Each structure stands twice: as structure tokens, then as C-alpha cells.
Amino acid sequence: MFSLSWPRWIAKRFPKKSRCQRRSERPRLTPSLERLETRELLTTAAPVSIAGQAAETATPASDVAPLFGPPSSGYSPSQISQAYGFNQISFANGTVKGNGSGQTIAIVDAYNDPNITNDLYEFDQHFGLANPNFTVVNQTGGMVLPEVDPTGDWEVEESLDVEWAHAMAPGANIVLVEANSDNISDLLASVQTAASLPGVSVVSMSWGDSEFYSETSYDSYFTTPAGHNGVTFVAASGDSGAPPIYPAVSPNVLAVGGTTLSLDAEGDYLGETAWSGSGGGISAYEAQPAYQKGVVSQSTTQRTSPDVAYDADPETGFAVYDSYGVSGETGPWYTIGGTSAGAPQWAALIAIADQGRALMGEGSLDGASQTLPMIYQMPASNFHDITSGSSTGSPAYSAGPGYDLATGRGSPNANLVVNYLVNGTSPPTSPAPSPSPSPSPSPPSGNLVSDGNFEYPSVGPTQAIDPVGSPWSFEGQAGIAGIGSDLTSGDPAGLQFGFLVGQGGGILQLVDLAAGNYTLSFQAAQVGMLPGSQEQIEVFVGSMVVALVKPGPSLTSYTANFPIASAGTYALQFVGIAPGSSNAALVDNIFLQSTTSTLAPVPSPGSSPSPSPGSSPSPSHSPPPAPPSPPPSSAAAGDQSSSSGAQLTQNDMDALLQTMISTISNLLLSELLLMQSEINQFLQMSSAMTGIPLSPNLINSLDQALLGPFVEQWAWLDPQLSEYVP
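The working numbering puts the sequence shown at residues 1 to 726.
Because the hints were derived from the structure by calculation, they are not lab data.
For clarity, every value in this text was computed on a predicted model and none was experimentally measured.
It cannot be assumed that every hint is accurate.
Stated by the list, open to error - The calculated lysine to any residue pairs, modelled on SDA-like cross-linking and capped at a C-alpha distance of 20 Å, are:
1. Lys293 to Thr569
2. Lys550 to Glu712
3. Lys97 to Pro457
4. Lys97 to Gly502
5. Lys550 to Glu538
6. Lys293 to Ala380
7. Lys97 to Asp385
8. Lys550 to Gly502
9. Lys293 to Gly402
10. Lys293 to Lys550
11. Lys97 to Ser78
12. Lys550 to Phe591
13. Lys97 to Tyr456
14. Lys550 to Gly484
15. Lys97 to Gly141
16. Lys550 to Ala705
17. Lys293 to Gln377
18. Lys550 to Gly708
19. Lys97 to Leu416
20. Lys293 to Ile465
21. Lys97 to Asn413
22. Lys293 to Ser450
23. Lys293 to Pro379
24. Lys293 to Val468
25. Lys97 to Asn415
26. Lys97 to Gly469
27. Lys97 to Asn131
28. Lys293 to Pro457
29. Lys293 to Gly469
30. Lys97 to Ala358
Unchecked claim - Label pairs and their calculated CB-CB ranges:
31. Asn133 to Glu362: 45 to 53 Å
32. Ile465 to Ser90: 46 to 54 Å
33. Gly102 to Pro461: 53 to 61 Å
34. Thr301 to Pro225: 27 to 35 Å
35. Pro401 to Ser78: 29 to 37 Å
36. Thr556 to Ser458: 23 to 31 Å
37. Ala565 to Tyr269: 33 to 41 Å
38. Ala380 to Met360: 38 to 46 Å
Just so it is clear, CB atoms sit at the ideal spot from N, CA and C, and this is done for glycine as well.
Use the sequences and the hints to build the structure in full.
As C-alpha cells, then:
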């Protein structure tokens, strides 16, 4: 069995008794929250098996010690609220307290804690907190709850997670989703259920296990379900130092590391150091996400963990009430530490931010496209930068200025973090408007991207993965191929290509765009090495899909037109979406220009990519002819202005209609992509389970059978959709 080492989270130790003795008296998970991450990954409910591995189990990352009476040894909610600035969060000019009202936090743990409702009540009574709207469901959302964990480990974890998520966001609803077991299949099924529950905006996971080779195929479990409000996934980074654990290291998950927090008697912040058990490091399997580019220097190709930090040292741990299995001199009050304590409290912070966004008419945050990019974008002053201390593990990592592999960006100045998540820039989905109207970023004839033909740096007759010195960033199997390399015998339009291979390969550049209409043109080709397999390229501007192309063997030109609603910095990305493919896609001569005139937006021919960059002529922008008989005196000027205004209004209407068509087309492309991705994931899982390789004919047949009706239904609006089905 794939098992995790036990968490080292005991904050206070029994005098004259070893941990083993304590556990024999009360079979429970020694809540070393630090180790929570090390928990064996629970096999998720929807029996999801990991190819080539036995059923894995996850262990909670919490450590416990009895307090013999009131929780005087563990930090209280008021102390932590004061230390991290939760008590400074308010909205609507200070008239609404930031407490998570209107939001729902889902907590995923294993097994049933039969005492959890009463324990939460006792915790609230002691600290003067109002009882929340609290619900417990099983891994499918039903009310028949699983069996208890005979060790008591998961029960104490559930008490920690529920009580402290509620303590930091006392106005939020809490849903506890209890998996049937601590197998990864059951836990992942519970994650899916949690994210799909109505109103859930944050999912907290205080468990994890070692990385495994096929983990990237499970990253989709940590994405917002289709048609659901945005969901952020938060996980403990582990309690055993390096190497990192899963799911914290997933690029779709906010990973929370650990610190040792020092407070004075009033709860004022004195300082933090890296906690020795804080999990983190460089992933062996996950490619570096775009949001870590330029911030993380420890790796330029791989995802690193943690992202942020929070108090986790059991010696500076949290007061938790847990009555399950209490006997003799143990409990029910415990001091608990570990990174599993930080995950539910960061989840509470995200819920509070979602409360503020709701008050402004904005949706809740999507973790992968909003929360994580904003965490890496926001100023360093939003965090307590942990610069001393180190983690254990192999290798050991030390904290230092800026991002580090022990504490990430640092622990939160909660009020500042929430303010940024509510009001700050949110690429790639919600660029903030500029303070005042600004002209087009460059003349219509200028290219808004740098080095669109990938001529810099020169890589010679090779293909360089993630080359240094390019204005482009590269993810996964992507880079620059030089003339005479294995991927190409030469670029007819230059000397070098950008290339990407398989699913997840990506090419990215940040561009500053004003509000208006834009045209993107580029050339692409397919270098096939696997018969029947064909790389596809999805093109994003921010979170908007502007093109989805399946290039052929020869260099072909494509064009896409799209609107930008508000000025900001957007990520232009070319992403490979053909899983299991050994084909490479070549990209060259990328040209992005504004097509917005000084008078009115120019209607564009359509947002779907087309085989050639040509487009129909734009309407003339010259002033309309003067009326044959202008009225006398000053009325003439007014009428002329009115006539001109009518022309502008018509242009505006044309532009609005074109924007609507483009938006609908982009939504169709996104939906088609989602269906293709689901088919690919199903085929990959089936292939991994059976050991039978994927058949290109089977892939094409499924595409035709499942995607064909969708394309047939919508081809009248966008004929280019038919290109994406064999």
C-alpha cells in the first residue's frame, strides 16, 4: 500500500509518555498537521485507480496533544485573527464585516466523525462563536455516512478542519464531505462531489501523498465544474519537508506550507520562521504553470510547492476540541499543528474574498485561472516574507527573501490579500480597467507581441526546450526549433519556429491591451511522428479561447478576431491539447494588432480561425456626406453632428453584433474543447487500466460519434467548428 509517513504535529507532549504510548491509550492520528500532507492519499470514491499502483491512502497532516482542561496552550481564534489581520477585513466602506457570509466552504476528509457536530458546538461555545450552517454528507453527497476511522486520526483531523475554517470565516456555511476511506479514489470522488455542491466556492484538503507518474491526469479533479460558480482548491503541502506531495503540487491547487508563529500576549504579530516540517520542493511530474514564471527562480520548467504559508508548528499550534475516543487523561482539548491547519484557514480567507466579490456583483474566484495567478501577482507586501528557518526532508530547503521552497510567498496579511483578490488585477480572466480611457496600445499596423517569429535566441540546428533569453515563456515540452533541427528542415519565412508537443506544451507572452477589437494571425504546421495522431493548438487571450486549430503538414496561415472589454495585461497562449501524441506543432509569424479605429470599433469578419488571413473590407471611417440642405444658423452644426452620430451608432451596433458572434463562437470552441478533453481522459484512463494502446481509428470514431452532432448543430453559426472533428 502506498502510505504516507505520520505527521509530526504534536504541539505539546505528554510528560513521561511517548507518542506511541499516547496512541495506544487513544488510537488516533497523532495530529502532526505537518504530516497531514503525508497522509496516505485516500482512494477516491468514484473508484479511480492509478495505473501501475496499488490503492493509495492519504494521511491527515495534523498533530495533537491533550491540554487537560481549557485550551490555554493553543492559539485562539481571536489571537490568529489579530495576528494575520482577519479582524481588519471589511467591505462597503466598513459597513460589512468580512466573515465569509453567503459563501460555502467544503472540507474533504476520510471516514465519519460521529461527534463532529457536538464538537463544533463546544468549540464555538468556548470561544463565543455563533454556530454555522453546518452539513455532513458522504462522498456522493448522500446522508448515509461512512464508518469511523478506528485509529481516531481522521476524526481529530475533521475537528481541526471544521472548527478552524469556521473560526476564521464565521459567517460562511460549512459542508464536510466524508470519503468512504482514505484511498485516493474515495478522496478524489469526494473532491468532485464537494466542488459540485451548490454554492461551494472553496474546497479544503488537509491530506496528501507522494507524487506518482500519472498524477497529471488527475489534475482535472481540481477544476471548477462546468456551469458552477468559481471554485478554489486549497491543500496542505505536507509535514515532512521535501519532496512535495500530491494534490498540493497540482497546478490547479493552492498549496499551503508551514511556519512557526510568534505572538505577544495580545495576539500581536512578532514574527515567523519556516517550520521544520513544511512540505515543499520541485515537482517531478508537473510542468511549471504560467503564474509561477518570473516569481519562482528555483525551477524554470517544473511546478514548485508551496505557494503560501501559515502557522503549522505544533509548539505554536491551535486549540481544537475533539471528543471522539477520549478516555483517561486525554482530551477533549488538544493543541494541533501541521500544514493541515493552514489549509482550512486559507480556504476561509478565500471565502471572505468571494464574499467581497459578491458584494461588488462579481463571481467567486476560480482557483487555477484567478486565485493562483493573483497570489503570484500581488505585491510582496501582502505577505509576511519568511526569511529564516528551514525545512527537513531530502533535500532540506531554507527560507529566504522572496519566494522559497519552504514557505512560498509567505503567510498572509489577510486584509491586504483579500483586498487584492476583490479589487486587484486578475489576469487572465478579469483585467482591471485602466484609471482613464487610453488610446490603442500601438498603431494598427504595429505588432503587439515581441519576437513573433521566434528568431531570438538563436538555437542552431537543435530544438531547445524552454530556451533562456526569449520574450516568450514555455511550458512543458515546448521551446524553439532551429533550422536543420529534427523538427524541421527549415522555416520558409525565417530561421526558427516555436514548437509544442503533446498535451500541456505551451508558449506564452504577456501583452498590454486597451479595450477594443483585435486581430491575431499566425502560421502553424504539424510534424507527424505517430500515424493517426494529430496535435491541436488552442489559443487563449486571457481566459478567452480565440482559436482552436488542427494544423496540417504544411505551414498554414490562420487568423482570429476578438474583442477586449477592458484594458489590462493579458496572457497570449498557444497550448497543445492532444494527449498521448508524439506529434509536434510548429508555430511562427505571430502577429497581433489592434483593429479599433479612432472613431468606432471596426466590425471583424469573425472570431474563428480561418485557413487564410484575409478578411472582408471594413466599413469606411470617413465622415458621412453633408445634408443637401443644411438648416440655417447654428442648427447646421448640430444637425451635422447628429448625422455623424447616427453613423457612429450604426458602427457601434455592427461592432456589438460582431462581438456577440465572436463571444458565442468562442464559447462553442471552449465547449468543444471540453468534450474532446473528456474523451481523451477517458481513453487514456482506459488504456492505462487495460494496457491496450490507443487506436487512432477508435479515437476518430469516438470524435465523430460524440462530437459530430454538436458540430452539426452549430456549424451554421461557425463553419470552422467542422475542422475539429475527423
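Comparing the hints with the structure gives:
1. Lys293 to Thr569: Since the Cα atoms of Lys293 and Thr569 sit roughly 15 Å apart, the hinted pair holds (cutoff 20 Å).
2. Lys550 to Glu712: With Cα atoms ~18 Å apart, Lys550 and Glu712 stay inside 20 Å; holds.
3. Lys97 to Pro457: violated, 52 Å
4. Lys97 to Gly502: With Cα atoms ~48 Å apart, Lys97 and Gly502 exceed 20 Å; violated.
5. Lys550 to Glu538: At roughly 9 Å apart (the allowed maximum being 20 Å), Glu538 and Lys550 satisfy the hint.
6. Lys293 to Ala380: Answer holds: Lys293 to Ala380 is near 15 Å, not above 20 Å.
7. Lys97 to Asp385: violated, 27 Å
8. Lys550 to Gly502: holds, 13 Å
9. Lys293 to Gly402: Holds. Lys293 to Gly402 sits at ~14 Å (cutoff 20 Å).
10. Lys293 to Lys550: violated, 28 Å
11. Lys97 to Ser78: With a Cα-Cα distance of about 15 Å, the restraint between Lys97 and Ser78 holds, given a limit of 20 Å.
12. Lys550 to Phe591: holds, 19 Å
13. Lys97 to Tyr456: Distance of about 52 Å is beyond 20 Å: violated.
14. Lys550 to Gly484: violated, 24 Å
15. Lys97 to Gly141: Distance ~31 Å between Lys97 and Gly141 Cα, so the pair is violated.
16. Lys550 to Ala705: Holds. Lys550 to Ala705 sits at ~19 Å (cutoff 20 Å).
17. Lys293 to Gln377: holds, 10 Å
18. Lys550 to Gly708: holds, 16 Å
19. Lys97 to Leu416: holds, 15 Å
20. Lys293 to Ile465: Status holds; Cα separation ~15 Å.
21. Lys97 to Asn413: holds, 17 Å
22. Lys293 to Ser450: holds, 17 Å
23. Lys293 to Pro379: holds, 15 Å
24. Lys293 to Val468: holds, 12 Å
25. Lys97 to Asn415: holds, 11 Å
26. Lys97 to Gly469: Violated, at roughly 47 Å.
27. Lys97 to Asn131: holds, 17 Å
28. Lys293 to Pro457: holds, 18 Å
29. Lys293 to Gly469: holds, 13 Å
30. Lys97 to Ala358: Answer holds: Lys97 to Ala358 is near 13 Å, not above 20 Å.
31. Asn133 to Glu362: 45 to 53 Å: violated, 23 Å
32. Ile465 to Ser90: 46 to 54 Å: Since the Cβ atoms of Ile465 and Ser90 sit about 48 Å apart, the hinted range of 46 to 54 Å holds.
33. Gly102 to Pro461: 53 to 61 Å: holds, 59 Å
34. Thr301 to Pro225: 27 to 35 Å: holds, 30 Å
35. Pro401 to Ser78: 29 to 37 Å: This hint holds: roughly 31 Å between Cβ atoms.
36. Thr556 to Ser458: 23 to 31 Å: Holds, at about 25 Å.
37. Ala565 to Tyr269: 33 to 41 Å: With Cβ atoms ~40 Å apart, the hint holds.
38. Ala380 to Met360: 38 to 46 Å: violated, 25 Å
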